[in-house]
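Mind docking chains B and C on chain A? Use the hints.
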Amino acid sequence: MAITWKMPKWFYQMGSPRWFYDISSRLLPGFAIAAALLLVVGAVWGLAFAPPDYQQGNSFRIIYIHVPAAILAQSCYILMAMAGAVNLIWKMKVADMIAKSCAPIGATIAVLALATGAIWGKPIWGAWWVWDARLTSMLILLFLYIGVYTLYSSIENDINAGQAGAILALVGLVNIPIIKYSVDWWNTLHQPATFSVIEKPKMAPEMWMPLAVMVLGFYCFFAVALMLRTRTEILQREKRTGWVRQLVEEK
Amino acid sequence: MTNQSDSDLGLGRVFWMTLKRDLLLSYRRRNDLVSPLVFFLMVATLFPLGVSPEPKFLSEVAAGVVWVAALLSTLLSMDSLFRTDFDDGSLEQMLLSPQPLALLVFAKICAHWMISGLPLTIMSPLLGVMLFLPNEGMGPLIITLLIGTPTLSLIGAIGAGLTVGLRKGGVLITLLVLPLYIPVLIFGTGAVQAASSGLPIAGYLAILGAILALGIVLAPIAVAASLRISVSS
Amino acid sequence: MYFNSFSELIDMGGHGLYVWACYGIALTILVFNIVSPLMAKKQFINELSRRLKRERRISDNNS
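Chains as they are written, first to last, in this note's numbering: chain A, 1 to 251; chain B, 1 to 233; chain C, 1 to 63.
A hint or two may mislead.
As the list claims (entries may be wrong) - Across the chosen pairs, the derived CB separations fall in these ranges:
1) B:G139 / A:L189: 28 to 36 Å
2) C:N46 / B:G89: 52 to 60 Å
3) C:N62 / B:K168: 46 to 54 Å
4) A:W10 / C:E55: 32 to 40 Å
5) B:M17 / C:L17: 44 to 52 Å
6) C:S63 / B:K20: 37 to 45 Å
7) A:Y181 / B:K20: 46 to 54 Å
Derived from the structure by calculation, the hints contain no laboratory data.
Keep in mind the model is a prediction, meaning the values are calculated, not measured.
We put the beta carbon where it would ideally sit given N, CA and C, even for glycine.
Okay, chain A solo, but in the shape it has when bound (with noise of 0.2 Å):
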């Protein structure tokens, strides 16, 4: 992969390590102090002052999570494979790093949009789980998640991991649009009568902003995750430099 487009100096300066380290450091405190409001005040809104839905009840208000985790799981694996990309196109560490760090973090947060919504299901269909589209394709693209952690896992040497995990990433990238394609039309031909996807009912502003704020404190909840995952990865393959000797002698 020997492509290298001229690319400004800052683009260069964002692959060192340490640079990544030292910015991370000033950006935590900001994204976890607006992570940790969001997420409080879009809580405490869905479950309490916004209104359950006319046939759904309140069970409705899983959706306040089961929504933000479906749409960050599928960003993430967008990151994940863009980061990816990057780091096989310029040979960048940090970037390899973050795409490292995504996948534990996309594998955990599609459990919780699979967990949430078989939960949903539960009162709603009757069955605690149901071969509907929506929750047939994140059950895959949890399969994808954990194939890509286990690949970068397995691999000892860090430069081979990241690049065979980073093909990895891409390879899925391109295929879940078909997937999505084909779980679609299974799903049309053995569309059981009775159940009827979870559908997202015309909402009122009242239900749709706390839900906007869920979807912007998971976010940044991301961000953070991220960046404490990337900058300990970070720590462990630096070793060796002065400066994360300095770092760890200093506490």
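Below, chains B and C alone, put in the same frame as chain A:
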């Protein structure tokens, strides 16, 4: 290992120490333990996708699908039973030690079951729910897997022992061992399906238990013999 | 506020178990994703500082 002379080391202690060593080694490679479980889940997912997600259809095949998935996952994890020990030479040490090889092998198989078959059994209700297994079948599913997966580990170990030195060992184990798995599969799924129809399952469980007992007594000896053959060649 | 009392909030019109289970699982997963890297970082720092101290002691003994 301790500095005591071998006559001081009772068989119970030998078993326990081998078991602990294997569990500790597996704990150090925690990430590898998850793969068979994810495979288990993925195989079960393939059936609704490949055939039909209709609850009526799935609830009929759920018992068989879960059992086949458990079988394949166990096969997948069998290769790792002896491979790392073979690669770093500790397997030869075990063969040379004055401790009965069958006992060491039995301890290793127990450890292997604890990290593969047992988690599979614990995860099986999740798959049962996803495949719409009738509620009456859930309990029998867990019980039959609890009795059956140790048998699968024991029989699989024979295959692992026979192929430990070979490069293509993994696939070969499958060919050797699958025919031997068929009786366990038949009685395991038979029990779950009988329970789903409301029939008694004591007979099935008795047969599964007898197969397990036979396995516990005979398999370690067979595995020990195959290891001696494989490693010496 | 769509609930008249605290017990009504917990009950959620019969759906309380589902709603609170979801929020509970969400909290667990979010907390895990914060705590897990922090603990790994602490473990790493401990190990590295121990190793550096050992190396320093050895080099002091040699010189």
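Against the structure, the hints:
no.	hint	result
1	B:G139 / A:L189: 28 to 36 Å	34 Å, holds
2	C:N46 / B:G89: 52 to 60 Å	32 Å, violated
3	C:N62 / B:K168: 46 to 54 Å	51 Å, holds
4	A:W10 / C:E55: 32 to 40 Å	37 Å, holds
5	B:M17 / C:L17: 44 to 52 Å	46 Å, holds
6	C:S63 / B:K20: 37 to 45 Å	43 Å, holds
7	A:Y181 / B:K20: 46 to 54 Å	51 Å, holds
Hint compliance for this structure: hint 2 is the single one not met.
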